[in-house]
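One letter stands for each residue in the lines below.
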Amino acid sequence: MRSKKILIALALVISLIFAACDYSGAGKDSRYNIWLVVKSTDTQFWLSTFAGANAAKAEYNVDLTIVGPDTEEDYEKQNEYIEQAVREGADAIVFSAISYSENAAAIDAAARAGVKVVVIDSDVDSVNVSARVGTDNVQAGRMTGSAVLDTDEEEIYVGIVNFAQGSRNGQEREQGLLESLDSDARVKDIYTINVAATPEAAELGVQNLIAEHPEINVLVGLNEPLAVGTARAVVDLGIEDEVRVVGFDTNPECIELMRDGAVSALIAQNPYAMGYLGVECAWKSLEGETFDPDTWIDTATTIITKENMFSQESQQALFSFG
Amino acid sequence: MNTVLLLALIGTVVLVLSSALILSIRTYQKSLVRSAATNSSRTVAQVSNTVNDYLAGIDGDMETLKETLEDPDVERKEFFDVFLKIRPDVAAVSTYDSTGELVNCYSLLGEVRPNLETNTSFDPGMMDKYADGYVSAPHVVSLFEGAYPWVVTMIAPLEAGSEESWIALDINCSNISAYINDVGIGQRGYCFLMDEDGNIVYHPQQQLIYSDLKSENIDLIETLGDGDHIEGSVIYTIQSVPDSRWQVVGVSYVQEMITDSVSELGRILLFAALVILVAMLIISSILSHALSRPVQSLAEAMTQFEENAEDFTYTPVGGVREVRTLSESFSHMVIRLQSLMGTVKDEQVNLRKTELRALQAQINPHFLYNTLDSISWMTERGKKDEVVEMVNALARLFRISISKGHELIPIRSEIQHAESYLQIQSHRYKNQFTYSFNVDEDCLDHLCNKITLQPIIENAIYHGINGLVDGGEIVVSVKGEGDDIIMTVEDNGNGMNEDQIAAIMNKERSDHTGIGIKNVNDRLKIYFGADYGIRIESVPDEGTKVIIRMPKVDRGSDYEK
Numbered sequence: 001m002r003s004k005k006i007l008i009a010l011a012l013v014i015s016l017i018f019a020a021c022d023y024s025g026a027g028k029d030s031r032y033n034i035w036l037v038v039k040s041t042d043t044q045f046w047l048s049t050f051a052g053a054n055a056a057k058a059e060y061n062v063d064l065t066i067v068g069p070d071t072e073e074d075y076e077k078q079n080e081y082i083e084q085a086v087r088e089g090a091d092a093i094v095f096s097a098i099s100y101s102e103n104a105a106a107i108d109a110a111a112r113a114g115v116k117v118v119v120i121d122s123d124v125d126s127v128n129v130s131a132r133v134g135t136d137n138v139q140a141g142r143m144t145g146s147a148v149l150d151t152d153e154e155e156i157y158v159g160i161v162n163f164a165q166g167s168r169n170g171q172e173r174e175q176g177l178l179e180s181l182d183s184d185a186r187v188k189d190i191y192t193i194n195v196a197a198t199p200e201a202a203e204l205g206v207q208n209l210i211a212e213h214p215e216i217n218v219l220v221g222l223n224e225p226l227a228v229g230t231a232r233a234v235v236d237l238g239i240e241d242e243v244r245v246v247g248f249d250t251n252p253e254c255i256e257l258m259r260d261g262a263v264s265a266l267i268a269q270n271p272y273a274m275g276y277l278g279v280e281c282a283w284k285s286l287e288g289e290t291f292d293p294d295t296w297i298d299t300a301t302t303i304i305t306k307e308n309m310f311s312q313e314s315q316q317a318l319f320s321f322g
Numbered sequence: 001m002n003t004v005l006l007l008a009l010i011g012t013v014v015l016v017l018s019s020a021l022i023l024s025i026r027t028y029q030k031s032l033v034r035s036a037a038t039n040s041s042r043t044v045a046q047v048s049n050t051v052n053d054y055l056a057g058i059d060g061d062m063e064t065l066k067e068t069l070e071d072p073d074v075e076r077k078e079f080f081d082v083f084l085k086i087r088p089d090v091a092a093v094s095t096y097d098s099t100g101e102l103v104n105c106y107s108l109l110g111e112v113r114p115n116l117e118t119n120t121s122f123d124p125g126m127m128d129k130y131a132d133g134y135v136s137a138p139h140v141v142s143l144f145e146g147a148y149p150w151v152v153t154m155i156a157p158l159e160a161g162s163e164e165s166w167i168a169l170d171i172n173c174s175n176i177s178a179y180i181n182d183v184g185i186g187q188r189g190y191c192f193l194m195d196e197d198g199n200i201v202y203h204p205q206q207q208l209i210y211s212d213l214k215s216e217n218i219d220l221i222e223t224l225g226d227g228d229h230i231e232g233s234v235i236y237t238i239q240s241v242p243d244s245r246w247q248v249v250g251v252s253y254v255q256e257m258i259t260d261s262v263s264e265l266g267r268i269l270l271f272a273a274l275v276i277l278v279a280m281l282i283i284s285s286i287l288s289h290a291l292s293r294p295v296q297s298l299a300e301a302m303t304q305f306e307e308n309a310e311d312f313t314y315t316p317v318g319g320v321r322e323v324r325t326l327s328e329s330f331s332h333m334v335i336r337l338q339s340l341m342g343t344v345k346d347e348q349v350n351l352r353k354t355e356l357r358a359l360q361a362q363i364n365p366h367f368l369y370n371t372l373d374s375i376s377w378m379t380e381r382g383k384k385d386e387v388v389e390m391v392n393a394l395a396r397l398f399r400i401s402i403s404k405g406h407e408l409i410p411i412r413s414e415i416q417h418a419e420s421y422l423q424i425q426s427h428r429y430k431n432q433f434t435y436s437f438n439v440d441e442d443c444l445d446h447l448c449n450k451i452t453l454q455p456i457i458e459n460a461i462y463h464g465i466n467g468l469v470d471g472g473e474i475v476v477s478v479k480g481e482g483d484d485i486i487m488t489v490e491d492n493g494n495g496m497n498e499d500q501i502a503a504i505m506n507k508e509r510s511d512h513t514g515i516g517i518k519n520v521n522d523r524l525k526i527y528f529g530a531d532y533g534i535r536i537e538s539v540p541d542e543g544t545k546v547i548i549r550m551p552k553v554d555r556g557s558d559y560e561k
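Top to bottom, those sequences are chains A and B.
Heads up: the first sequence begins at 1 in the numbering used here, then just goes up one per residue.
Heads up: the second sequence begins at 1 in the numbering used here, then just goes up one per residue.
Worth flagging that the hints you see were computed from the coordinates, not collected in a lab.
Check each hint, because a few of them may be wrong.
[To be verified] Subject to a maximum C-alpha distance of 16 angstroms in a straight line, what follows is the list of computed EDC-like cross-link-like pairs (lysine to aspartate or glutamate):
1. K306/A to E289/A
2. K353/B to E407/B
3. K518/B to E458/B
4. K214/B to E215/A
5. K306/A to E117/B
6. K545/B to E498/B
7. K479/B to E490/B
8. K214/B to E313/A
9. K306/A to E307/B
10. K66/B to E163/B
11. K430/B to E386/B
12. K77/A to E59/A
13. K214/B to D298/A
14. K545/B to E490/B
15. K507/B to E490/B
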């Protein structure tokens, strides 16, 4: 009877010691598995995003898988990647949607499977998103507008080169741009074309547009490949002196063309911050932190012009370190 | 063991332990901060030395380059091809004339672009300030097409007289990473390189800083001189790199080190408290097991014994030797007391029996006198036969009363005794009543207490029939009922109310002679137990029924002791 009691007490003490050891050794040994699914993998914009994501990967000690389709139109491939990520046990997906509507079902399915979703850059029509990180695209559109209007011309004819109509980003940038153009009486006419998000498609589109509306004196390319294509078309046509080009993002070709004078302004987003913050938010969500998914975590946007491109601030926005 | 005492003990131990721990944490904290600062200065000094060595190397290179450039006989192209290959940290070497125009540029990054409007590598305006040369803030190289490495530019004057007045060496910032990146101070501490204008030359997380995702408190750091500075939870250690415009800044966190140690100590405290608690519980359980529990159970046993001594059984308790002895003594005491009580009870019963026997032996002198008086009258009147009958009945009455001293007699004899009595009394009362017997033959051989029926019949006559003018009737019946025998004496006399019944059942006879109903009842209960005895049912003016219950007894020796 008494020895039984002592045995019980001994067991209690031993279990307590184990509990204490367990407590002191608290911490995870399994790392989170995070997938970054983006729109394509070869533009400067996405390369910077990956660099940011990798910095966060190192900082937060997570496993990071980066995938994206070959073209910025292939939302079906993105859906396949999302399904693959769920199959391969992703804890969180950091996602930039090609299509606001067509990627929604796959994202909802992933969320149902218990995967946290963080949107970067381009939104998706889902209530299952934990956090949204990216440019305030309407504001970026307004900045584009102010770059367009920064001229001595008496009459302004604007040609807008936008990408696929399904994309939320393109619509919002266009909306902001139109808002700011509407406020200026010098703007006489605005022509918009929608093309695939490749330099080639934009180049062809711009050539046709200029042929149709030779009065155009400002061209706007609303993302990186479109800016490149637009600038190329202007150079091809030899109208750099008559037509100003306002573009998006910091493609090396655009930077050279800006130095040559063919591009007058670039709206530089902060893809590095998007990649970094996207992974950081995913990690924080997995750790139980909550974000307001309806409020975008804004990453800074700067206007780069030929005049200010080598200012300290612009250097930092344009050229990645190391 | 007393819970309050136990809690107080635990409380004291925890209090002493925690105050000791808090004191030691304080001391520990101070020494931790000191050692952290020392550790930080040592690391930062080391970094400063390596950066200094690196810069000295660059200075050496610069001298070589200057000599080479000033020597018109050297084939520059070949020289720079080799130089740039073995020094990948040099992005470009360029020379400028006295107006700041680019003269020559040597680089593996490509040709200088045609329309070079901006050259970040050389600022003629600065040359007035730094005639002996200087090291620029970090910037990108703008000389080439498609290549924009981040560099610091080292500028030095060339000997006057030639076309080239200045030489500029663009040094890749990322090459400095080797001296900075892997330097850790504490768990999260790091260091970075800053120039005297507050520009970060190299930071392990430079791109995060450029993307506005991280920042250093440059404004604060600029105000601090060389040495260790504890600002809130951050230790800044600043060390200037000798002969340069650069400073190495070490950043480490007091908080994390202190918090970690405090929580570690907290864990130890918690663990110690738990161990003490468990130990206390074990000790208290052992003490209670050995001491207080047995004493308590002994006390409970005593209370129980007090309440019901007769049916009490005691099992001795365990525990320490003293308690065991106490318990065993109590056990002996209980047994002894119970046996004493048994003896006393037996003696009382015997005494009672003896008393009853003595009473039975007595004959009511009134009855005897009245009977003899009747016999005398009969003799005078010459009623010879009746006299004989009376005397015989009287003789039978006495013989059965004596019954050789046995208390239990066959029911047959008891019936004869009752009949004899009724014969005598019916003469006495001049046939005022009739009587009859209704006896089950099977019951006759069983035994019963002698003189059981007579007192009841006597009561029926004196109190029931006596008042009636005639027509009195007494019925005596005996029958078996299971293992019991039921005798009843019914009369149709005056009957009794509840009070009278209670009086008869509870009072000894007032004349102290003969046997009353209470007496019969007592005897039955003493001999056979509480389940047996007399019950009276009576309705005033209608009659009385006295019911006697007793067991079927075949051997008197079972009850006669």
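Status of each hint after checking the structure:
no., hint, result
1, K306/A to E289/A, "violated, 42 angstroms"
2, K353/B to E407/B, "holds, 9 angstroms"
3, K518/B to E458/B, "holds, 13 angstroms"
4, K214/B to E215/A, "violated, 46 angstroms"
5, K306/A to E117/B, "holds, 10 angstroms"
6, K545/B to E498/B, "holds, 13 angstroms"
7, K479/B to E490/B, "holds, 14 angstroms"
8, K214/B to E313/A, "holds, 15 angstroms"
9, K306/A to E307/B, "violated, 110 angstroms"
10, K66/B to E163/B, "holds, 13 angstroms"
11, K430/B to E386/B, "holds, 12 angstroms"
12, K77/A to E59/A, "violated, 30 angstroms"
13, K214/B to D298/A, "holds, 15 angstroms"
14, K545/B to E490/B, "holds, 4 angstroms"
15, K507/B to E490/B, "violated, 21 angstroms"
Hint violations for this structure: numbers 1, 4, 9, 12 and 15, all remaining hints satisfied.
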